[in-house]
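A.B. asks: Sequence:
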Amino acid sequence: MASSYANNSVFLMLCLCLAVSTIAFGGNFNTDFNILFGDKRANIEGGGNNMTLTMDKYSGAGIGTKNEYLFGRFDMQIKLVPGNSAGTVTAYYVCIFTKLP
28 MASSYANNSV FLMLCLCLAV STIAFGGNFN TDFNILFGDK RANIEGGGNN
78 MTLTMDKYSG AGIGTKNEYL FGRFDMQIKL VPGNSAGTVT AYYVCIFTKL
128 P
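Position 42 (the sequence shown) corresponds to 69 in the numbering used here; numbering is contiguous.
Hints listed in this document are in silico derivations from the structure and should not be mistaken for laboratory results. These figures come from a predicted structure and were not determined experimentally. Any given hint could be a false lead.
[Unchecked claim] For each label pair, taking beta carbons as the anchor points, the in silico distance ranges come out as:
hint: 1; residue 1: V121; residue 2: Y85; range: 19 to 27 Å
hint: 2; residue 1: P109; residue 2: G73; range: 22 to 30 Å
hint: 3; residue 1: T81; residue 2: A113; range: 29 to 37 Å
[Unchecked claim] In silico DMTMM-like links for lysine to aspartate or glutamate, alpha-carbon gap of 25 Å or less:
hint: 4; residue 1: K93; residue 2: E72
hint: 5; residue 1: K106; residue 2: D66
hint: 6; residue 1: K84; residue 2: D59
hint: 7; residue 1: K67; residue 2: D102
hint: 8; residue 1: K93; residue 2: D66
hint: 9; residue 1: K84; residue 2: E95
hint: 10; residue 1: K106; residue 2: D83
hint: 11; residue 1: K106; residue 2: E95
hint: 12; residue 1: K84; residue 2: D66
hint: 13; residue 1: K93; residue 2: D59
Built from N, CA and C at the ideal position, the CB exists for glycine as well.
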């Protein structure tokens, strides 16, 4: 009976360690992403932990992952132009390509 309890405890600990290591893993913009367009408008900062994409009156910027992912999360902070920014469209698009265009 005690060995069954010990086996279950070891299995539970392994599952917990795997879950924590999976949650703690984060991507890195330096190694996991390509800048597709807008070279001067895409800046990688913070050792690859942050990326700034900017848009001007000529173009924006786009990035793509080097690998495929089943799920993920990303956070955005969008800054509008000062003053009257009525009519400004703030959007981001997520596309799935099997090959880059």
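A.B. asks: Now, for every hint given, state plainly whether the structure supports it.
C.D. replies: Here is how each hint holds up against the structure:
Look at V121 against Y85: about 23 Å separates their beta carbons, and that is inside 19 to 27 Å. Taking the beta carbon of each, P109 and G73 are about 25 Å apart, inside 22 to 30 Å as hinted. Here the CB-CB span from T81 to A113 is close to 21 Å, at odds with the stated 29 to 37 Å. Taking the CA atoms of K93 and E72, the gap is near 18 Å; set against the 25 Å cutoff, the hint holds.
Distance hint between K106 and D66 is fulfilled; the C-alpha atoms sit about 20 Å from each other, no more than 25 Å. For the given pair, K84 sits about 29 Å from D59 by alpha-carbon distance, which is inconsistent with the 25 Å threshold. The suggested pairing of K67 with D102 holds, with an alpha-carbon distance near 22 Å, which does not exceed 25 Å. The straight-line distance between the Cα atoms of K93 and D66 is roughly 17 Å, inside the 25 Å bound, and the hint therefore holds.
About 32 Å separates the Cα atoms of K84 and E95, which puts this hinted pair outside 25 Å; it is violated. Distance restraint check for K106 and D83: the Cα-Cα separation of roughly 13 Å lies within the 25 Å cut-off, and the hinted pair is therefore satisfied. A C-alpha spacing of about 29 Å is found between K106 and E95, which places the hinted pair above 25 Å, so the restraint is violated. Straight-line distance between C-alpha atoms of K84 and D66 comes to about 15 Å, which keeps the hinted pair within the 25 Å bound.
Between K93 and D59 the alpha-carbon distance is near 5 Å, which keeps this suggested pair within the 25 Å criterion.
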